[in-house]
Amino acid sequence: MSGPSNYQPTSAVGKWFHERLPIVAFVKDHALDFPTPKNLNYWWTFGGILAVMLVVQIITGIVLVMHYTPQADLAFNSVEHIMRDVNYGWMLRYMHMNGASMFFIAVYIHMFRGMYYGSYKAPREVLWMIGVIIYLIMMATAFMGYVLPWGQMSFWGAKVITNLFSAIPFVGDTVTTWLWGGYSVDNPTLNRFFSLHYLLPFVLAGIVFLHIWALHVPGNNNPTGISVKGPQDTIPFHPYYTMKDGFAIVVFFIFYGLFVFYGPNYMGDAVNYVPANPLVTPAHIKPEWYYLPFYAILRAVPDKLLGVIAMFSSILILLALPWLDTSKVRSGTYRPIFKGFFWVFAIVCVGLGYIGSKPPEGSYVLWGRILAFYYFFHFIVILPLVGLLESPKPLPASISDDVLAKKKPMLAPAE
Amino acid sequence: MRLVSTAVHEDVNRRDFLMIATGAVAGVGAALTAWPFINQMNPDASVLALSSVEVDLAPIAEGQAVTIKWRGNPLIIRHRSQADIDAAKAVKLSDLIDANPRNANAKGGSDASDDNRVVGGKSQFLVMLGVCTHLGCVPVGDQGEYGVVTGNSTTGGWLCPCHGSQYDTAGRVRRGPAPENLPVPPYVYLTDTKIRVG
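Chains as they are written, first to last, in the numbering used here: chain A, 1 to 415; chain S, 1001 to 1198.
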């Protein structure tokens, strides 16, 4: 991945092993000594937070499966069994349930950080696109996990989302029946979702490895957006960023813990504590919060097929982002006009989430359409034009120069 | 400008203290976090709730043995004949492999006499787990050389089909490889003919 290794085995055993499997060198070069820009701020800690959250979800998930029963007649009660009977079952389930929300909070911050600082631009396009694929698989995994408790919202969420595929011309109904394994969402659907929900996190772990591989080819972007020019611009990953990431992870876990212990159902829907009933749809059906902006875009279009296309496009357009943004300057810090549009876009995304949580009636419909239009307008019109028309602020000569320029002269510490 | 060079002059002991304190806090935190993940595999409340059963002994005829499930294992209840009891009482304690009665209801230090294998002096009812003390197979009743032999038939006595361990009419091991007598679970007589096990 990068140049020759710093690792020199000192013992005879170490040398023997290194010649056969240079894993110690790999860890030293990529997890310890990796040259990292010295100006990374706390927005850069979310990658590490996400890696830890994936591990938390996998561990709590494996443990939950020891007590869960993936069968339509038994699933709901087995989740209640976890909550009431299993030792610490309530905690393990709340960790997993809120862990999903924390995972999405962290991934959204991570993505907006990439957008603000232009982390998707050359030479990091593939890194960004792998990230979009990770995000897509995360959404599929979270959706299938939400179906497993087999409550009312699980069942009807599964029904609505799988029905999206019925919008595909000619083969839609066949595809939907194939997804269900029957005439409706039922036990076969639950079983296959359970199987895939267990599989996909491990697929994610593999793709995360590719994401980090693609990161370690060009190295990290940084708040100035300018490339590393030499050793004076970098510091080793360990101990500097293991400590910074570690501190951020602890703070993030405090936030996570507040939900797990004091508001475990705050982000959930009470209707999901009613067992699934295929004969009655809940009065107001809405997905988990992390899907709401896309749900709003789906509902903004008054046509079944076009609505589904708009929703999928709103995610897939991220794959084209490296080419839609025409500016050569990466960091938003040096792009005064882009910076304004970035924050408008962020507010529009939050607004779409709010609209998605509201019933599709009255002014919510109109606002949903305006915001959905703006979402695409940002990518297709604003980003290409701003890149061409804007004159960026002067960039610092190097990362090191920028760091030193921001430091006020320090008083000499007492010796 | 002095930015990073001060580390060289830093008091080494202070840094060492911080490293050890941080590591200790992280270690204690990791251990505390690990506990719920370990403890979740222990028997849960629904399993513990099933841990006692009541059995009516009245329908069990003399010479008959019934097997019920208790805590996931076979529980053997045998209504012994006088011949079974006499045979068990005739055994010299010095001939036993295991001198411990293996009776959860017996006082500590008791010997493995027949009286110490039952509860409340009711010698006719032998209640014990049908789990061989060797490797856990279920011994088959009315088998082996330590039952009461009358002509061609054997009554009482148990033989484990897996590795050949044999138990006498009181469920005491008489031939290896099993090391211990079949265990008698905790039980009490609720009435003259009704017991609660566990």
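Hints are not guaranteed to be accurate.
To be verified - In silico lysine to any residue, SDA-like type, Cα no more than 25 Å apart, as pairs: (1) K28/A x T1022/S; (2) K38/A x K1069/S; (3) K15/A x L32/A; (4) K244/A x K1069/S; (5) K1069/S x H81/A; (6) K28/A x K1069/S; (7) K28/A x I1020/S; (8) K244/A x F1017/S; (9) K28/A x A1026/S; (10) K1069/S x H67/A.
Keep in mind the hints are simulated off the structure, nothing from the lab.
- Message: Given the hinted pair K15/A and L32/A, is their Cα-Cα distance within 25 Å?
- Response: With Cα atoms ~19 Å apart, K15/A and L32/A stay inside 25 Å; holds.
- Message: Hint check: K28/A vs K1069/S, CA-CA at most 25 Å. Holds or violated?
- Response: Since the Cα atoms of K28/A and K1069/S sit roughly 56 Å apart, the hinted pair is violated (cutoff 25 Å).
- Holds or violated: are the alpha carbons of K1069/S and H67/A at most 25 Å from each other? Roughly 22 Å separates the two Cα atoms, so the pair holds.
- Query: Straight-line Cα separation of K38/A and K1069/S no greater than 25 Å?
  - Reply: violated, 66 Å
- Item | K28/A paired with T1022/S [C-alpha distance capped at 25 Å] | holds, 22 Å
- Within 25 Å, alpha carbon to alpha carbon, are K28/A and A1026/S? holds, 22 Å
- Message: Can you confirm whether the C-alpha distance between K28/A and I1020/S stays at or below 25 Å?
- Response: With a Cα-Cα distance of about 23 Å, the restraint between K28/A and I1020/S holds, given a limit of 25 Å.
- Query: Holds or violated: are the alpha carbons of K1069/S and H81/A at most 25 Å from each other?
  - Reply: Holds: K1069/S and H81/A sit about 23 Å apart, inside 25 Å.
- Message: Hint check: K244/A vs K1069/S, CA-CA at most 25 Å. Holds or violated?
- Response: Violated. K244/A to K1069/S sits at ~57 Å, over the 25 Å cutoff.
- Does the alpha-carbon distance linking K244/A and F1017/S stay inside the 25 Å limit? Distance of about 19 Å is within 25 Å: holds.
In the structure shown, a violation is registered for the earlier hints numbered 2, 4, 6, in ascending order.
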